Amino acid sequence: AQSVSQHNHHVILSEAASLELGCNYSYGGTVNLFWYVQYPGQHLQLLLKYFSGDPLVKGIKGFEAEFIKSKFSFNLRKPSVQWSDTAEYFCAVNLMDSNYQLIWGAGTKLIIKP
Amino acid sequence: KAGVTQTPRYLIKTRGQQVTLSCSPISGHRSVSWYQQTPGQGLQFLFEYFSETQRNKGNFPGRFSGRQFSNSRSEMNVSTLELGDSALYLCASSSGTGGQPQHFGDGTRLSIL
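Quick note, the sequences are listed as chains A and B, same order.
Using my numbering, you'd call the opening residue of the first sequence number 94 and step up by one each time.
Using my numbering, you'd call the opening residue of the second sequence number 36 and step up by one each time.
Hints listed in this document are in silico derivations from the structure and should not be mistaken for laboratory results.
Being a predicted model, the structure only gives us computed values, none of them experimental.
Accuracy of the hints is not assured; some may be wrong.
[To be verified] For lysine to any residue, the following SDA-like pairs were computed, each having C-alpha atoms within a straight-line distance of at most 25 Å: (1) B:92 to A:98; (2) A:171 to B:138; (3) A:154 to B:78; (4) A:142 to B:120; (5) B:92 to A:139; (6) A:164 to B:133; (7) A:162 to A:206.
[Claimed, not checked] Computed spacing ranges between beta-carbons, pair by pair: (8) A:206 to B:63: 41 to 47 Å; (9) B:94 to A:101: 47 to 53 Å; (10) B:47 to A:103: 29 to 35 Å; (11) A:134 to B:50: 25 to 31 Å; (12) A:105 to B:63: 24 to 30 Å.
For each residue, glycine too, the CB sits at the ideal point set by N, CA and C.
One chain only, chain A, in its complex shape (with noise of 0.2 Å):
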């Protein structure tokens, strides 16, 4: 079955720390992926998404990730974080050969120590 593995259930890092979160998924056919980010006591919201092209894509508060595709992996990365990004993240994968189906990692915990 496809699936959506994200390495690390819970992440703590330092204020300016350079954080790198993976994800990985097992499709071999086409694909949009995504990362959705829910800040405590809020509702989803969407980080960014890659389609088509550069591989390379950045999102919003200075997040970006890089899609792989010989490795089937949508990693996300950001230099220097802030306090504010305390949040959970999940990836994402919309199976578009197979009825759109959208695949959920189990999500990563991040903190950000002040």
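Fit chain B to the known structure of chain A by using the hints.
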């Protein structure tokens, strides 16, 4: 443009009862998906409706059902409630085509006593 609206925001029920949750998608969106979110299990996909038809389904028991109306509004029903059904139920809408991103509502917090 109004966002995804879920009602009610909070609900308290007892075991054995049934409940219906409502979701109004963003205008023009034809796909509505439902999720269960709990601290222990994370985000679990229930089902997706597109143009009044269930298009995708997660691994939940038959007590969980849904439907979508011609105006794209959707309802989710849970029958014979169990304590383990206590969760935040999220609705998300999208255009439903081209793999467009989903837009989430604030959720309905369901507590089972």
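Going down the list of hints, with the structure as the test:
1. Distance restraint check for residue 92 (chain B) and residue 98 (chain A): the Cα-Cα separation of roughly 20 Å lies within the 25 Å cut-off, and the hinted pair is therefore satisfied.
2. A threshold of 25 Å between alpha carbons decides the hint, and for residue 171 (chain A) with residue 138 (chain B) the separation of about 23 Å falls inside it, so the pair holds.
3. Between residue 154 (chain A) and residue 78 (chain B), the direct Cα distance comes to roughly 23 Å. Compliance with the 25 Å bound is thereby established for this hinted pair.
4. For the proposed pair residue 142 (chain A) and residue 120 (chain B), the alpha carbon gap of about 32 Å is over 25 Å, so the pair is violated.
5. Restraint check for residue 92 (chain B) and residue 139 (chain A): satisfied, since their Cα atoms lie roughly 22 Å apart, inside the 25 Å limit.
6. Restraint check for residue 164 (chain A) and residue 133 (chain B): satisfied, since their Cα atoms lie roughly 23 Å apart, inside the 25 Å limit.
7. The hinted pair formed by residue 162 (chain A) and residue 206 (chain A) fails the criterion: a straight-line CA distance of about 33 Å is larger than 25 Å.
8. Roughly 42 Å separates the CB atoms of residue 206 (chain A) and residue 63 (chain B), a value that falls within the hinted 41 to 47 Å.
9. At roughly 25 Å, the beta carbons of residue 94 (chain B) and residue 101 (chain A) sit outside the given window of 47 to 53 Å.
10. Here the CB-CB span from residue 47 (chain B) to residue 103 (chain A) is close to 31 Å, well matched to the stated 29 to 35 Å.
11. The given range of 25 to 31 Å is respected by residue 134 (chain A) and residue 50 (chain B), whose C-beta atoms sit roughly 28 Å from each other.
12. Here the CB-CB span from residue 105 (chain A) to residue 63 (chain B) is close to 41 Å, at odds with the stated 24 to 30 Å.
The structure is inconsistent with the numbered hints 4, 7, 9, 12, although it conforms to all the rest.
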